[in-house]
Amino acid sequence: MLFHSSVFLLFLAGLVAVYALTPQRFRWFVLLVGSMVFYASAGPFFLIYICSTIVITYLCTMSMRRLRLKRDALVAEAGEKDARRLLKDKAKSIAKVWATICLVLILGILAVVKYTDFAIANVNAVLSLIGYARQFGLMGFALPMGISFYTFQTVGYVIDVYREKAEVETNPLKLALFVSFFPQVVQGPISRFGELSKTLYSGIQINRVNLSRGANRILWGFFKKLVIADRLFPAMAALSINPDEYQGIFYMLNIALYAIILFCDFTGGIDIAIGVAEIFGVRLPENFNRPFYSRSIQEYWTRWHMTMYSWFRDYVFYTMAASKKMLRFTKSLKRFVGNDIAKRLPVHITLIWVWFLTGLWHGATWNFIVWGLANGVVLMVSLELAPLYARFNGRFPGLANNRVYRCFQIFRTFWLMNMIRSFDIYDSVGTTFNMMSSIVRNFSLTQFLSVGISEFTLPIADYFSAGAGLLVVFWVSWLGRGEIDYRERLDKFAWPLRYLAVGVILFMTIVFGAYGYGFDARQFIYNIF
Amino acid sequence: MRLRIVKISVAVVAFVLVFAALQRLLVPKYASFALEGGLIREYYSSSMDQDLILIGDCEVYANFSTIGFWENFGITSFIRGSPQQLVWHSYYLLEDTLLHARQKPKIVVFNIMAMQYGEPQFEPYNRLTLDGMRWSPTKFRAIAASRLDDESWLSYFFPIFRFKEHWRDLGSDDFRYFFRDPQASINGFMIRSDTMPVGFLPQPLPIANYRFSEKAYYYLNRMAELTREHDIELVLIKAPNLFPHWYNQWDEQIIEFAGEHDLLYINFLNYTEEIGLDWDIHSFNAGLHLNVFGAELMSMYFGEILQERFNLPDRRTESTVAEQWNSMAQQYHHMIALQLDEIERYGRINSFLIG
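Each protein sequence line maps, in turn, to chains X and E. Per the numbering used here, the first sequence starts with residue 1, numbered consecutively. Per the numbering used here, the second sequence starts with residue 1, numbered consecutively.
Source of the hints: derived by calculation from the structure; they are not laboratory data. Predicted, not measured: the structure shown is a model, and the values here were computed from it. Treat the hints loosely; a few may be bogus.
Not the full set, but computed from the structure, chain E residues with beta-carbon under 10 Å of chain X [to be verified]:
#1 Leu3
#2 Ile5
#3 Ala11
#4 Glu123
#5 Arg162
#6 Asp262
We put the beta carbon where it would ideally sit given N, CA and C, even for glycine.
Using the sequences and the hints, build the whole thing.
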């Protein structure tokens with residue numbers, strides 16, 4: 001059930017009606033039933049995976065809760081400070097066992113269904129490389145919908161419970177709703193239990209404000225997905241499947257198109273998720289903050305897919321960087337390489353490891369792994385060059401606020417990210433490097449002018465309609481400056497102007513949207529992760 | 001509160017108006033391309049009191065001149081034809097005709113070429129037939145019977161969702177026919193005065209199964225029942241087109257069906273000489289369809305059979321009817337003269353629309 005299908009809209013309308021007619025204390029249950037129906041629509045068999053994750057998480061976290069309660073009772077009874085600490089340490093080590101069991105099992109499910117074939121394919125490649133004839137057959141597991149997202153959200157919950165940052169959800173059905181909440185299960189945003197649970201179970205009645213704000217946000221998501229992303233996609237596909245033909249400037253065009261398509265596709269999906277949740281009074285975290293205005297790659301990653309970035313930061317980077325092993329490693333390193341390097345090297349190692357995992361999370365291919373590592377390397381180099389930048393900025397103090405220099409930084413970051421992102425586009429790492437080098441090898445403006453953009457399966461009129469859509473996106477992005485929800489700025493307009501703005505977006509979506517007869521409904525790019 | 005109601009009312013009215021205007025602008029007008037798409041709709045702007053109704057695919061709207069029936073026999077007729085009209089399309093068009101007709105027809109003629117199809121074929125052909133029908137439970141059932149998997153109900157209720165891509169090709173026709181529909185036929189007959197002799201005809205290939213499908217029979221049966229219920233004579237015909245090929249095995253099944261239901265069945269392919277058809281001069285596309293001169297011969301031949309066998313009334317003596325039909329006949333002859341003139345001047349026809 002794709003978000004941008006009429007079936008989903010009918011499903012949503014039905015669920016809103018049932019939700020509105022249900023007494024407040026049972027409304028969360030309506031959301032759970034809706035979420036399960038939504039999930040089952042991708043294939044009833046997939047329910048086994050998500051339900052397994054829910055059951056495992058529930059049993060382990062309840063064990064941790066019982067342990068915590070028992071510990072608290074014993075600690076209260078224990079008189080001496082040392083005895084209390086001993087009890088706490090013991091309880092923590094047992095909780096760690098439960099948390100580890102839980103994480104191994106739920107990440108194990110993800111690993112088995114998502115990475116088994118990748119591992120087998122690599123083993124086969126190595127075997128054939130060393131001249132061994134035997135090859136293992138692929139398992140061909142079907143990837144359950146949203147498994148990467150709901151697994152990470154659940155992992156976050158388990159770690160928060162272990163760290164005692166989140167209360168344990170004692171109602172298994174409520175936990176099931178947290179894991180499977182249908183607007184976000186497909187492509188995020190990745191929520192934290194502490195934040196989401198504030199509104200998820202509240203059963204707020206459908207009201208005019210939430211309905212209108214939610215519908216507005218959903219419309220905005222449809223607009224970006226259908227008018228821009230799906231409209232431009234055939235051009236990108238045509239450029240991508242012919243890497244030998246479309247090099248140099250065509251590569252530049254392709255990666256720019258991909259940036260636009262991915263942005264509109266992903267943010268469009270997130271807009272729909274946030275809007276749908278908002279109708280039910282549930283607040284999901286924002287996932288984007290005008291990322292293409294970033295002036296550095298560090299800044300970019302705090303503005304693009306923010307919930308994934310913060311997830312890796314909080315649950316992997318900090319955990320690893322602050323682990324006893326890493327501290328011991330730093331200490332031992334000091335003896336060999338000195339204080340300065342010993343401090344920086346573990347950070348870089350952690351950074352590379354985190355980005356390796358980020359790449360792997362995106363997909364079981366070398367393209368994604370190299371994409372992740374490329375991000376890590378660029379961030380590492382940025383960190384290393386930070387003192388140099390600081391000296392440079394000290395020498396030219398006015399430059400940081402210079403508009404032209406800021407534009408240059410934005411432009412530089414945009415193209416750097418586009419090039420890194422091109423690992424997503426081409427079928428192999430080698431092809432991607434080849435395409436990157438074609439910028440200097442084969443940059444032919446005359447070839448581009450002779451071919452023209454109408455060659456890439458799209459009529460010229462489609463570029464104009466998508467271009468008009470992009471202008472609207474820029475306008476709305478400008479409205480959303482200063483991290484203010486664009487709808488709040490829109491609310492300050494006189495009502496005829498406000499209605500006009502919404503009407504223009506609505507009719508542009510109806511007329512210029514790539515949907516219906518003649519179009520294959522294309523799922524959101526992040527659905528496959 | 002009152003202000004909110006005003007605001008919402010203004011927004012809703014504005015939305016409906018803009019939506020309706022955009023829809024009207026974007027749906028095809030069938031004025032200079034695929035003119036056949038407007039044929040089904042044209043019935044409702046006719047007098048809807050014809051004695052003879054012809055139903056079927058292109059083999060009816062190109063092959064029988066309604067003015068030919070009128071001028072030679074005083075038979076009032078309408079052709080409810082559309083491209084690749086399938087049997088269930090035809091059945092529901094018959095239902096639709098009976099639903100809207102001011103006076104019940106006396107004879108319904110059905111061209112059985114479409115019996116070869118047991119499933120919906122192509123979406124565009126569904127639209128060419130179904131979009132022109134007026135909304136009624138009949139249309140609803142027609143869509144349900146015809147819809148392909150990738151067709152949405154929504155696009156039938158709101159055709160803008162089907163034809164929105166037309167924004168790329170908006171032309172002067174879309175504005176010229178914004179408030180009115182073009183007229184492409186004379187009571188369902190499309191005039192083509194040009195000639196293209198029959199050249200190469202592909203040899204018919206054997207097919208795996210000659211048996212008509214259950215679905216085709218089901219609707220043919222329903223057509224027979226419906227006409228019987230309304231005391232209307234149903235006549236089955238096979239128009240005399242040379243291509244696509246009409247197999248003997250198919251013909252035998254229709255003969256059997258007609259015999260079982262006591263229906264008249266005429267395969268005009270067997271009477272081309274008696275009709276006087278010359279494939280070098282009476283087809284506008286190499287034997288696929290007849291031109292207007294061939295269609296007039298067909299009307300002459302068939303009209304005589306109908307009048308003799310079913311005693312159809314000659315309505316040329318009814319002044320109101322005659323006035324209306326003579327006016328249409330004038331348009332008809334004017335169009336033929338215009339097309340012949342264009343052929344002489346430019347070597348091709350430029351004018352297809354009657355109005």
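Against the structure, the hints come out as follows:
The closest approach between the C-beta of Leu3 (chain E) and any C-beta of chain X is roughly 9 Å, which is under the 10 Å cut-off, so the hint is satisfied. With 10 Å as the threshold, the beta carbon of Ile5 (chain E) stays out of range of chain X, its nearest partner Cβ sitting at about 13 Å, so the hint is violated. Given hint, Ala11 (chain E) at the interface with chain X, holds; its Cβ is 5 Å from that chain's nearest Cβ, closer than 10 Å. Because the beta carbon of Glu123 (chain E) sits about 6 Å from the nearest beta carbon in chain X, less than 10 Å, this interface hint is met.
Interface restraint check for Arg162 (chain E): the shortest CB-CB distance to chain X comes to about 5 Å, inside 10 Å, so the restraint holds. The beta carbon of Asp262 (chain E) is not positioned within 10 Å of any beta carbon in chain X (closest approach about 43 Å), and the interface hint is therefore violated.
Violated hints, in rising order: 2 and 6; the structure is consistent with all others.
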